[in-house]
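Visitor: Take a look at the letters that make up each chain.
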Amino acid sequence: MAKTLVQEFTKGLWEEIPPFRLVLGLCPTLAVTKSVENGIGMGVAVIFVLVCSNVLISMMRNIIPPKVRIACFIVVIATFVCVVELVMQAYTYPLFLKLGIFIPLIVVNCILLGRAEAFAFKKGVLASIADGFGIGIGYTIALAMLAAFRELFGSGNLTIWGDMKVMEVFGSSFQPFQFMVEAPGAFVCLGLMLCVMNIAGKK
Amino acid sequence: MGDYVVFIISCILVKNILLAQYLGNCPFLGTSKKMETAVGMAMAVIFVLVMAGGITWLTELYILKKYGLEYLRTIAFILVIASLVQFVEMFLKKSIPALYAGLGIFLPLITTNCAVLGVCLINVNEEYTFVKSLVSSFAYAAGFGLALILFAGVRERILLARVPKPLQDTSIGLVTAGLMSLTFFAFKGMV
Numbered sequence: 001m002a003k004t005l006v007q008e009f010t011k012g013l014w015e016e017i018p019p020f021r022l023v024l025g026l027c028p029t030l031a032v033t034k035s036v037e038n039g040i041g042m043g044v045a046v047i048f049v050l051v052c053s054n055v056l057i058s059m060m061r062n063i064i065p066p067k068v069r070i071a072c073f074i075v076v077i078a079t080f081v082c083v084v085e086l087v088m089q090a091y092t093y094p095l096f097l098k099l100g101i102f103i104p105l106i107v108v109n110c111i112l113l114g115r116a117e118a119f120a121f122k123k124g125v126l127a128s129i130a131d132g133f134g135i136g137i138g139y140t141i142a143l144a145m146l147a148a149f150r151e152l153f154g155s156g157n158l159t160i161w162g163d164m165k166v167m168e169v170f171g172s173s174f175q176p177f178q179f180m181v182e183a184p185g186a187f188v189c190l191g192l193m194l195c196v197m198n199i200a201g202k203k
Numbered sequence: 001m002g003d004y005v006v007f008i009i010s011c012i013l014v015k016n017i018l019l020a021q022y023l024g025n026c027p028f029l030g031t032s033k034k035m036e037t038a039v040g041m042a043m044a045v046i047f048v049l050v051m052a053g054g055i056t057w058l059t060e061l062y063i064l065k066k067y068g069l070e071y072l073r074t075i076a077f078i079l080v081i082a083s084l085v086q087f088v089e090m091f092l093k094k095s096i097p098a099l100y101a102g103l104g105i106f107l108p109l110i111t112t113n114c115a116v117l118g119v120c121l122i123n124v125n126e127e128y129t130f131v132k133s134l135v136s137s138f139a140y141a142a143g144f145g146l147a148l149i150l151f152a153g154v155r156e157r158i159l160l161a162r163v164p165k166p167l168q169d170t171s172i173g174l175v176t177a178g179l180m181s182l183t184f185f186a187f188k189g190m191v
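Residue numbers (the numbering used here), protein chains in the order written: chain A, 1 to 203; chain B, 1 to 191.
Think of the hints as simulated: they come from the structure by calculation, not from any bench.
Warning: the hint list may mix true and false statements.
As the list claims (entries may be wrong) - Calculated cross-link-like contacts (lysine-lysine; reagent style DSS-like; alpha-carbon spacing at most 25 Å):
(1) A:Lys67 <-> B:Lys132
(2) A:Lys122 <-> A:Lys11
(3) B:Lys188 <-> A:Lys67
(4) A:Lys98 <-> B:Lys188
(5) B:Lys188 <-> B:Lys132
Sequences are here, hints too, so could you generate the full structure?
Guide: If you want it as structure tokens, here you go:
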């Protein structure tokens, strides 16, 4: 045990922050970052699934035969995704409608399978919880950053949560830059953010 | 018949699964560095997606709807797809080794390709008929293949260009994909 729990947690926030350093889980990253609210909602759903699946897989790592481990991981992850789907449908219905197909698609988000394979299957339960929270929160921050950038220029507003906290950043004379909230803008923004992260990460 | 032609064109170009609906981006960036792998992946996706589209549609009607288990759809679909992929892999290995040699290494990757699960879910959510599900699966997969192969061609050219260091690899790939997506965006008013 060279790394402490704190280190396992913080590595997800900078060293291995998901869509930038580990280029995984791109589809939801591109699709749900039209507004900050969607980005955070998606991030929270991923945190929940990631922590739960990490704990369960870590607890069962001595029982699961290595040959069928991928299938086992998928079943575990799919179970928690179903839970999230039903909970969101019950309590945050507007958000559920906005995220739409991307909630069930958390199942095939490579971050989850990647963490299960690379971390939870080898390490203890506590370390896996720390890793799950670290990577999950890092992912949420990344989604929120990208979403803030796109929403700010695409619509001139920032929606943090619900309809209540809408901030008018630019005045009414601002012409929304439609390109940013459409698909091409998503690709270009993420590409440029990766570039910025590459510059920032170089020592 | 004319309806189907319009529908296929709209699935391939207007609602392109990669560039307009953001599905399947991990293999899009992962397998597009070489033309060969891109063609292999495209073929494997077309092959599996048509089958998966049909089988998940039948699963939905005869198992989930029949017993009122729609809330288990995500689990059921991913299991069906994972076992289908495994089965296809074993079948090809045994009976059509030539095809297996071409597609083999891409098959395990398909289980976690969100385009496959995504299209199956779209088919069910939009309540397509069985034939229309098969057609839409094929058309979406063809759109995936088209975008992937075009992108691989561009990316092979980028290798020869002098790209600034921080932009290299995935970063320039995403910007290129953005420009391609802009091109596909132009088809929007067509259908």
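Visitor: What are the numbers of the hints that this structure violates, sorted from low to high?
Guide: Violated: hints 1 and 3.
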